[in-house]
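Residue numbers (our numbering), protein chains in the order written: chain A, 1 to 136; chain B, 1 to 813.
Please note that the accuracy of each hint is not assured.
[Unchecked claim] Straight-line C-alpha distance at most 20 Å; calculated PhoX-like pairs for lysine-lysine: (1) B/K449 - B/K372; (2) B/K408 - A/K114; (3) A/K3 - B/K567; (4) A/K78 - A/K39; (5) A/K3 - B/K449; (6) B/K128 - A/K2; (7) B/K446 - B/K501; (8) B/K128 - B/K228; (9) B/K512 - B/K501; (10) A/K3 - B/K446; (11) A/K3 - B/K448; (12) B/K501 - A/K60; (13) B/K756 - A/K2; (14) B/K126 - B/K14; (15) A/K60 - B/K572; (16) B/K231 - B/K126; (17) B/K43 - B/K228; (18) B/K126 - B/K43; (19) B/K372 - A/K2; (20) B/K449 - A/K2; (21) A/K3 - B/K371; (22) B/K729 - B/K687; (23) B/K296 - B/K408; (24) B/K756 - B/K687.
[What the hints assert, rightly or not] Which residues of chain A face chain B? A partial, calculated answer using Cβ under 7 Å: (25) K2; (26) K3; (27) S5; (28) V18; (29) D25; (30) S27; (31) S31; (32) E41; (33) N63; (34) N72; (35) G74; (36) T84.
Hints were generated in silico from the structure; no laboratory data involved.
A quick note: this is a predicted structure, and the numbers were derived from the prediction, not measured.
Where is the CB? At the ideal position from N, CA and C, for every residue including glycine.
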Amino acid sequence: MKKSSIIGMVIIAIAIGVIISTYTDSSTYGSFDDAQKTKKELHVVGKLNKSKVMVYDPQKDANYFSFYMIDNKGKECKVEFTGTKPQDFEKSEQIVLTGEMEGNAFHADKILMKCPSKYTQDKLETTEYKAQDKKS
Amino acid sequence: MDTAFVGEHLLPGKLGQFFIILSFGTSLVALVSYFFATVNKNKEDLSWTKLGRWAYRLNLLAVIGIGSCLFYIIYNHLFEYYYAWAHSSKTLPVYYIISSFWEGQEGSFWLWTFWEAVLGCIVIYKAKTWENSVMTVISLSQVFLATMLLGVEIFSVKIGSSPFLLLRNAIEAPIFSRADYLSLIQDGNGLNPLLQNYWMVIHPPTLFFGFASMVVPFAYGIAGLWEKRYKEWVKPALPWALLAVMVLGTGIIMGSFWAYEALNFGGFWAWDPVENASIIPWLTLIAGVHVMIAYKNSGHSYFTALFLIIISFILVLYASFLTRSGILGETSVHAFTDLGMSGQLLIYMFAFIAISAWLIAVNWKKLPITKKDEETYSREFWLFIGAIVLVVSCIQIIATTSIPVYNKVFGTSIAPPTDLIAHYNKWQIAFAFAIATISAFSQFLKYKKTDVRKFFISVLVSFVVAILLTAVVVYFTDIYHNVMYILLTWSAIFSILCNAKILGEAFKGKWKLSGSAVAHIGFAFILIGALIAAATHKVISVNDTGIGFGDEFSKSNNPRENIILYKNEPVKMNKYTVTYLGDSTSGVNTYYQVNYKVFDDNGKVKENFTLSPNAQQNAKMKQIIASPDTKHYIFHDVYTHVSSVPLKEDEHDHNGESDDSKYLPPVTHEVSVGDTVRYKEGMIIVKSIDRNAQINDIKLEKGDVAIGMNLEVKNDQGTYESEPIFLIKGNTKVDFGKKVDEAGLKLRFTNVLPDKQKLELTVYEMPKSESKDWIVMKAIVFPYINLLWGGTIMMVIGFLLSIFRRSKEVKTA
């Protein structure tokens, strides 16, 4: 057999391995209901429920943060996270959690937030120029 | 709406917009001229070439003009322009004004087009017979880039996004109906604090220089096909490809250094899609460089070289599509948001794919592809294999990074792997092992045919010594628990030894291979440094005393990586005794001094240093943005960042009713002058009464009474003065409490009791611990990370040596 065909076959084998690995390692997006049903880790997309309490009290435990999130299907669930409260958390527009359900709470390993990137936000801060109005 | 707006500076924007149109026009003229110059049969006729040259040079001037206008706008804080308003503020120091220049997409496109303009002018000067065809391709790319900045609407399709857009056109708000709206906009949004780092001043220009320079080898490849000079293009393209690899590699590592120094994710590489997007074309181009050399010396791997050079540039375009189209939104923290230009980026990419594919198809039969197999013991064979391994490694990165793209195209909803870093490392460590090993032994192989016995003898010594050294290294760095780590360490050491031997011969006179030897040694050091630092980095701020919510959490494997430190209360972490000393504020940043001490057995201080990780506090947004501080030793780094700090109080909060909940229930005392009131940590003495107290902002009218109570607070730390005020205005009683933050007190003068001849003092006291200053921080030790940075410098030196050698070859040819 020619060497080049052997090499070609090895490459194809590795490429198949890569595709299978990407597929098996990849996770799924789901809701809290899906998380309840499965034992696998998955991604849940949702919004922070700003009306419910957020707990982060570093003096009691610097590595405990909990909050309530509403997933895209409208279900609310308590989320617990081992770590500090992410910066800017209140301003998040959308949250992507990675983790699994434990009892009635979702344990997040990772929190990814999407903020209305405030440095390019298209909102003028009205309060600021109202204050200026008085002087002019 | 024909409002005449007051105070706007419209000239720089108009001028800038003119330069944008000029840059578009000149690149178009250059494209057309060079095209006709290339297809012109009469090679004596230089008129098209001359026109192309002047158009392209004018293009460079136009691009510089755009940059100058934009810089003028940002530098002078002309907030009537959206770009200046969105990306800068008056408080920014000048060198960060430079970084705000390329914070937005428009600015980074400008950088790209600027470098392409500069590089094109160098090509004009250097390319000789290649000028016409190569410049046609570069001009075409320049036309596409120019459209990105156009910002005009044609048939209601918006093309590009101009950095000279006016704020009042970018945003709708009621204030723009006022002619004097500008006087109301005091300051811009400011630069993202994470970008306020000196590395951000030079990292983006370097990275975009790298991206832009990839067009040159690509243009040579295309030109070679177009002009049917299939073999000739490789030689002049090689130094350009080396330059692109060197600059892009430097830019990527700079970004990783910036992440390590300024971001608090605690590392230097996170396999974030944005990082991957920059390394993908680098991998294919470095593979391309190797097979170009193989082709040049042996005639093998022609198509691989051509394909890799072409695909590298296509992948640059794909990478910019990924990062700029907003498609990565759910998977990456720092991708740009969509500016509605994803269609334009796709057209750019598909245009170049179509041109390349068509040219390859048309010329396919005439390409100098050898039918013969390479010898197994030949350098060209292993150069080819090395390149293939790089390509496969690249395919793996693309496969996972592109998950959001599959979702978009096929409508699926696949999420990226939950443990992303482990997923990539599993594959990439194996690829790195193969590449390092090949880069070691193939240095001893010759082109065409090698004496097998001689080859094994020269490799054997390094092979065995590498095994011994690996045993020592993995034992001392504690990475011998993982087979892959051991193998990677061995391959890197093997590569260092083999290439050092080649370098040793270089000193005896064989200078030719010194560039590659130095670059390979550098690369091997990068691998070892990255491996050891990533595999053995240790979070030392582990809190094992955590109580409270902790019980149910101890089950999960998430380590408790943050620790709380109270001011002046030392905590033992690992071998360090760590004390939080206090904070100081400079500008927008608050620096938290954290002292590290190491004591030897006799209680003597062995090491003593203080780190100042900082955080930007924004009281209005109730948040902090933290940046780490790192103590660099030769063999390890101690890295620290704050994760949570008490927010500074908003100072305009006069009556403070909103935050009363933080205090213990108030205690009310009836007092007279001279009385002493006790509280938990000290006492308060009523010194005197001030009958003419002044209150900011409030005018007293006849009949109003304002009384101040002069108090002296004493505790262990010192004595403080305070004067809460009681006010009767008309028929209402108001009081203005005062805080004594140092003592954790708030004091209110709440009433006057004339019948008892007493005054009412209400004392709010913080719970004991809360009155103290604290920080929550995370500390990580990174061992041997300097090998990574040092290796990078070596690799760059190696590339420089190779560039000199290869460009000399072009000249002598």
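Structure-based check of all given hints:
no.: 1; hint: B/K449 - B/K372; in the structure: 14 Å, holds
no.: 2; hint: B/K408 - A/K114; in the structure: 19 Å, holds
no.: 3; hint: A/K3 - B/K567; in the structure: 69 Å, violated
no.: 4; hint: A/K78 - A/K39; in the structure: 17 Å, holds
no.: 5; hint: A/K3 - B/K449; in the structure: 16 Å, holds
no.: 6; hint: B/K128 - A/K2; in the structure: 41 Å, violated
no.: 7; hint: B/K446 - B/K501; in the structure: 15 Å, holds
no.: 8; hint: B/K128 - B/K228; in the structure: 17 Å, holds
no.: 9; hint: B/K512 - B/K501; in the structure: 14 Å, holds
no.: 10; hint: A/K3 - B/K446; in the structure: 19 Å, holds
no.: 11; hint: A/K3 - B/K448; in the structure: 16 Å, holds
no.: 12; hint: B/K501 - A/K60; in the structure: 59 Å, violated
no.: 13; hint: B/K756 - A/K2; in the structure: 110 Å, violated
no.: 14; hint: B/K126 - B/K14; in the structure: 35 Å, violated
no.: 15; hint: A/K60 - B/K572; in the structure: 19 Å, holds
no.: 16; hint: B/K231 - B/K126; in the structure: 19 Å, holds
no.: 17; hint: B/K43 - B/K228; in the structure: 16 Å, holds
no.: 18; hint: B/K126 - B/K43; in the structure: 18 Å, holds
no.: 19; hint: B/K372 - A/K2; in the structure: 9 Å, holds
no.: 20; hint: B/K449 - A/K2; in the structure: 18 Å, holds
no.: 21; hint: A/K3 - B/K371; in the structure: 12 Å, holds
no.: 22; hint: B/K729 - B/K687; in the structure: 25 Å, violated
no.: 23; hint: B/K296 - B/K408; in the structure: 42 Å, violated
no.: 24; hint: B/K756 - B/K687; in the structure: 19 Å, holds
no.: 25; hint: K2; in the structure: 6 Å, holds
no.: 26; hint: K3; in the structure: 5 Å, holds
no.: 27; hint: S5; in the structure: 10 Å, violated
no.: 28; hint: V18; in the structure: 5 Å, holds
no.: 29; hint: D25; in the structure: 4 Å, holds
no.: 30; hint: S27; in the structure: 4 Å, holds
no.: 31; hint: S31; in the structure: 11 Å, violated
no.: 32; hint: E41; in the structure: 4 Å, holds
no.: 33; hint: N63; in the structure: 4 Å, holds
no.: 34; hint: N72; in the structure: 11 Å, violated
no.: 35; hint: G74; in the structure: 18 Å, violated
no.: 36; hint: T84; in the structure: 4 Å, holds
Taken one by one, the earlier hints fail for this structure at numbers 3, 6, 12, 13, 14, 22, 23, 27, 31, 34 and 35, listed in ascending order.
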